[in-house]
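Enquirer: For reference, the chains in residue letters:
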Amino acid sequence: MNQSSSIEQRKRKDKTIRHLVGFFSLFAMIPLFFILWDVISKGYKNFNLRLFTEVTPSSMDALLAISNGDPIPGGILNGMTGTILIVGLAILFSVPLGLFIGIYLADNQGKRFAGLVSYLTDLLQGMPSIVIGIIAYAWVVKPLGSYSALAGSVALTIMMLPMIVRSTEETLKMLPLSYKEAGLALGSSYTNVVFRILIPSGFGGIFTGILLAISRVMGETAPLMLTALGASVVHWKMMEPASAIPLLIWDFYNDPNLVDLIWSSSLLLLIVIFLLNWIAKIVARKWKV
Amino acid sequence: MNKDSIFRFLLSTAALLVLLFTAGIIYALVSRSTEAFQEYGVWGFVGNAEWDPRSATEEYGALSFILGTLYTSFFALLLCIPFSLAVALFNGEYYKGKKISSAVRSIVDLLAGIPSIVYGLWGFYTLRPLVIALGVSAQGFGIFLSSVVLAIMIIPYASSLSSEFLSMVPNNLKEGAYSLGATQIEVVQYISLPSAGSGIVASYILALGRALGETMAVTMLIGNTNRIPRGLSDTGNTMASVIANQFGEADGLKLSSLIAIGLLLFIITAVINLIAKLIMKKISLI
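Those protein sequence lines, which keep their order, are chains C and E. Per the working numbering, the first sequence runs over residues 872 to 1160. Per the working numbering, the second sequence runs over residues 32 to 317.
Be a bit skeptical, because a hint or two may be false.
Stated by the list, open to error - Pairwise CB distance ranges (calculated):
| hint | chain 1 | residue 1 | chain 2 | residue 2 | range |
| --- | --- | --- | --- | --- | --- |
| 1 | E | S43 | C | L934 | 54 to 62 Å |
| 2 | C | G959 | E | T88 | 19 to 27 Å |
| 3 | C | N1125 | E | T157 | 14 to 22 Å |
| 4 | E | G78 | C | D932 | 43 to 51 Å |
| 5 | E | N202 | C | S1060 | 39 to 47 Å |
| 6 | E | P160 | C | I1150 | 20 to 28 Å |
The hints are simulated quantities; they were obtained by calculation from the structure and are not laboratory data. Cβ coordinates follow ideal geometry from the N, Cα and C atoms, glycine included.
Please work from the sequences and hints to get the whole structure.
Expert: This is how it looks when you write it as structure tokens:
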């Protein structure tokens, strides 16, 4: 009798905990839906063609429009071109470099120098984004004497590099050693083995890593505040200050007259980021190593 | 020199660049913060809670921001534990390998993709009125609000890694316990959690590292006051948020002090990450 009640008790405990795990897991996911709901429901009104074709209005113009009961004139074209410029440069810097370092690490496992490089990559990966902003400021903004898109892309490069190195290294390590050995045994040069066999075979993993790195720096604000600063015009000059979508969101947040543009810009940013994540997932599934 | 040796040379050069980068980072942070450390001494700077930028009484110390960072991060970690542990158990134990688990995983991963500034907006426009309604503080801003948002932000980091460690627990251990008549929770309690324990701890330490350096959301929600916070409902500033807030208009001693705070933040996160990595290395050796 006593024993059976204890079994009952154990079963009840098992069931309770199972329900609790489900409940808390569900609860952990709720914020995502609230955030999406917030951004979509408040953002779709201003999510129009104007957002893509016009630059940010001045605070004065916005105030006038609001007092007349009109929607705020203007969009975030300057932020979009700025993001393309800054992130594009960062991709240009970080992808070749990250690939090379990743190949080096995968090929020199167990060596002391490779261990040190690997450790330092981890260190870079854990660095707070604001500290990276300070570094790009000290490296680029100070010596050149002005804020610039280039400084912003240096900051984003430091953020992307460790992610690309890691994904390249991990992917190449997963490839069977026989791929490399077969290539070399057939008399192919090491360079050809890397570019014709290893990178194509690991394409899925490597490309996924690059896409995820891009999507992560896309929404970065803090390092750009210290480096790219922002600009209200469209331009493609890397030595001049440039804006970016997250930087504009920050500006709008601080300017009561431009508040209406916050949500449509955030909606656009989220769409781009989730799209990149989604493509990354498809690539990873399709070209599975 | 043939093609291969050139290529190998390029590879090693690229790897060497990581070393140069790190050296350059440390040099940049140290050289630009010396002015502040020379003025106050290292401990004088770290231990001073006064931050007064007015030119007549100019004085800078990092203590209020260090404490603000520690309060928000540890409280966020505490808040995130029940949720991330539940998600980890859900994915790594209860529904391991099932379709629903991969759905939960993707949804939680999406949380990690949301930019910090959007979390900040959501915290400001949606959570802040809630915090005011709950009567935590009159303005809503402060340690409490920032920690809640931080907790949500680090759930994906804490849960994905710990579920990884949970699913690595050998099946024969668990099956042995089941064959002795253990219920699922008993298996979790006596087999899974103890064997994955240090891995789970390591993932929480990594999540803490994230929380320590988080900038934009905290800057928007903490209230930005330059003193030691006196409780959860009080406002404050973290190391990251004070840099984000005041870097733009700073020069001279103030700029140097802000970069010194950046250096301290760099050291703290580096140590935290190192500890987590050491724990994980130890596990993989066993």
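Enquirer: Has the hinted range 54 to 62 Å been met by the Cβ atoms of S43(E) and L934(C)?
Expert: Given about 58 Å between the Cβ atoms, the range holds.
Enquirer: Assuming the hint says 20 to 28 Å, is it satisfied by the Cβ distance from P160(E) to I1150(C) or not?
Expert: Violated - the Cβ-Cβ distance for P160(E) and I1150(C), about 36 Å, lies outside 20 to 28 Å.
Enquirer: Range hint 39 to 47 Å: satisfied by the CB atoms of N202(E) and S1060(C)?
Expert: This hint holds: roughly 45 Å between Cβ atoms.
Enquirer: For the pair G959(C) and T88(E), does the Cβ-Cβ distance stay inside 19 to 27 Å?
Expert: violated, 46 Å
Enquirer: Hint says 14 to 22 Å; check whether the CB-CB distance for N1125(C) and T157(E) agrees.
Expert: holds, 19 Å
Enquirer: Just to be sure I understand the hint, the distance between the Cβ atoms of G78(E) and D932(C) should be within 43 to 51 Å; is that true here?
Expert: The hint (43 to 51 Å, Cβ to Cβ) holds, given that G78(E) and D932(C) are roughly 49 Å apart.
Of the numbered hints listed earlier, those contradicted by the structure are 2 and 6.
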